[in-house]
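Quick note, the sequences are listed as chains S and G, same order.
4 is the number that our numbering gives to position 4 of the first sequence; each next residue is one higher, with no gaps.
Remember, our numbering sits 241 above the position in the second sequence when you count from 1.
No wet-lab data here; the hints were simulated from the structure.
For clarity, every value in this text was computed on a predicted model and none was experimentally measured.
The beta-carbon is built from N, C-alpha and C at its ideal position, and this holds for glycine as well.
Hints may be right or wrong, so weigh each one.
Said to hold, decoys possible - Derived list of chain S stretches under chain G, where covered just means 3 residues or more per stretch with a C-beta under 8 Å from a C-beta of chain G:
| id | segment |
| --- | --- |
| 1 | 40–47 |
| 2 | 53–65 |
| 3 | 79–85 |
| 4 | 127–135 |
| 5 | 161–167 |
| 6 | 207–215 |
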Amino acid sequence: MGALAQVATEPTQAAPAKRVTGKRKKWRPVKIPSRFEALLDPGFAAEIAADVPDGEDLRACIQCGTCAGTCPMILYMDLAPRRIIGMIREGARDDVVHSTTPWVCASCYSCTVECPKQIPITGIMHALRRIALREKTYPRGLPVPLMEREFVNVIEKRGRSTESWIAMKMYVRTEPTQLLRHIPLGLRLMRRGRMGFGRESIRDRAQLRALLRAVDEQPRKSAAPTSRAPGVPTPGTGGAS
Amino acid sequence: MRYAYYPGCSVSGTGRAYEESLLAVLEALGAGLDELDDWNCCGATAFPSVDEDKAIALSARNLALAEGRAQGSEPVDLVTPCAGCFRALLTAHGSLEERGPVARQIDGALEAVGLRYDRRVRVRHAVDLLVNEIGIEAISEAVTRPLEGLKVACYYGCMLVRPNATFDDQYHPTSMDRLMQAIGAEPIDWSLKTRCCGGACYGADPFSGTMPQATLWLGHALLSEAKRRGADAVVTACPLCQFNLEAFQERMVREFGHPIEMTVGYITQLLGLALGLDERTLGIHRMLRWHLPEREPAAVGAPAAAEGGGHART
Numbered sequence: 001m002g003a004l005a006q007v008a009t010e011p012t013q014a015a016p017a018k019r020v021t022g023k024r025k026k027w028r029p030v031k032i033p034s035r036f037e038a039l040l041d042p043g044f045a046a047e048i049a050a051d052v053p054d055g056e057d058l059r060a061c062i063q064c065g066t067c068a069g070t071c072p073m074i075l076y077m078d079l080a081p082r083r084i085i086g087m088i089r090e091g092a093r094d095d096v097v098h099s100t101t102p103w104v105c106a107s108c109y110s111c112t113v114e115c116p117k118q119i120p121i122t123g124i125m126h127a128l129r130r131i132a133l134r135e136k137t138y139p140r141g142l143p144v145p146l147m148e149r150e151f152v153n154v155i156e157k158r159g160r161s162t163e164s165w166i167a168m169k170m171y172v173r174t175e176p177t178q179l180l181r182h183i184p185l186g187l188r189l190m191r192r193g194r195m196g197f198g199r200e201s202i203r204d205r206a207q208l209r210a211l212l213r214a215v216d217e218q219p220r221k222s223a224a225p226t227s228r229a230p231g232v233p234t235p236g237t238g239g240a241s
Numbered sequence: 242m243r244y245a246y247y248p249g250c251s252v253s254g255t256g257r258a259y260e261e262s263l264l265a266v267l268e269a270l271g272a273g274l275d276e277l278d279d280w281n282c283c284g285a286t287a288f289p290s291v292d293e294d295k296a297i298a299l300s301a302r303n304l305a306l307a308e309g310r311a312q313g314s315e316p317v318d319l320v321t322p323c324a325g326c327f328r329a330l331l332t333a334h335g336s337l338e339e340r341g342p343v344a345r346q347i348d349g350a351l352e353a354v355g356l357r358y359d360r361r362v363r364v365r366h367a368v369d370l371l372v373n374e375i376g377i378e379a380i381s382e383a384v385t386r387p388l389e390g391l392k393v394a395c396y397y398g399c400m401l402v403r404p405n406a407t408f409d410d411q412y413h414p415t416s417m418d419r420l421m422q423a424i425g426a427e428p429i430d431w432s433l434k435t436r437c438c439g440g441a442c443y444g445a446d447p448f449s450g451t452m453p454q455a456t457l458w459l460g461h462a463l464l465s466e467a468k469r470r471g472a473d474a475v476v477t478a479c480p481l482c483q484f485n486l487e488a489f490q491e492r493m494v495r496e497f498g499h500p501i502e503m504t505v506g507y508i509t510q511l512l513g514l515a516l517g518l519d520e521r522t523l524g525i526h527r528m529l530r531w532h533l534p535e536r537e538p539a540a541v542g543a544p545a546a547a548e549g550g551g552h553a554r555t
């Protein structure tokens, strides 16, 4: 038990130093929610609700904290899921889209299942990732956003993923030195026939590409992008209009 | 009985032993799987984080392909061994069945490429198939070499029962435990059977310096709890969980200094052993470490012992 207790305290100490955020303006204090009403985006909750199936339920949140209590990754998040939901509801758009929380989320669905109000929290995390990718507010320094892009590109192009290629590409793009560290594991896997460098692909790639293109061309579901109140400044949204 | 089969990318890669053992076990039990022709990736959890509609479209293509194989208007069973693919297919099927605006959008896109999905597919996980189609009784009757005295920790992981539990209890699943009892093994009682192993982010985490501990810690907690409760092996039903729990044990030890040597196998491998199948057919030589207590008579085959020697620290 002693070892576990040690483990539990270590990340919390390390967390502030390692916190990675997107491009912020210097005057903005880190980790403090937007506190001026003028900086809030009253349409944010509606935006999220429209983007997630059953997302409207987030308005029913009772802030009980069950999601945070059940989350396995909570130690590594800057804002607990409970706060994320609360801040979405209040419209603290800027802080939420810059948060590391959606990127740390392991998509294990514990929160979604345990939530007494059946809020699709994991779905909301995915929606926040989509917004952060679109507006380029994802935390720099975390490899997850890069990896997801890479993964999606491979799937769109080839229809199947090859784990070894994606892992390799990630190393090369983020930390080439790490590649060396994992060579022993890679070799052990290769000796056992569990890793190869043949790239998987489907036969009918044209069909898949046409299908994905057709999804874009279909009449959109009524998800209107941000309905930002006029005249509200958009601090720190890194280049998005 | 033959079923449509969707393997998924992981099972064709690092999880090859899972596919091999599943096919062998089902064959021994008189069922068969027909691989879906030209299936594509399910999108995992990464695709919905980039584009949710396209993620549904990816699974919709697989569902349409599975449905296209069947004649008449009978429901079609589509079996997948991967818990991640199971969730993706199930979620896609669910949102298509609601027939909301997203479903219309996907239907339109499918039509544009000459596919059609009539919502007739039933998405089944391999464990579901074993427990509810083949049946615990049939399995225990087929056992030739029961795994007497083997203590196993059944690890269900996230996606088998979350967000939708179709064949087992969401909070306290028991289907794998019942399977293990049927083959004579003793499932241990533990509370972490559906706790996340961090597998969904292993691609990013143990590899990078940003959050080196996050996923390692989750896996470490699971394995040390299983060990504390006296388990000889952890059995999983997901290629990602298996890989994550097995491959990073040395790193966990380095990071937390708490020795773990745990065999992490697929449930189908243990079933296969109890059914008297050859270790090689079950892909046991592909595992990074495999130490089960000796069984009577000469249960531990020579090839596995020779291969297993590779577990020594490299």
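Structure-based check of all given hints:
no.	hint	verdict
1	40–47	violated (count 0)
2	53–65	violated (count 1)
3	79–85	violated (count 0)
4	127–135	holds (count 4)
5	161–167	holds (count 6)
6	207–215	holds (count 7)
Of the hints listed earlier, those the structure fails to meet are numbers 1, 2 and 3, in rising order.
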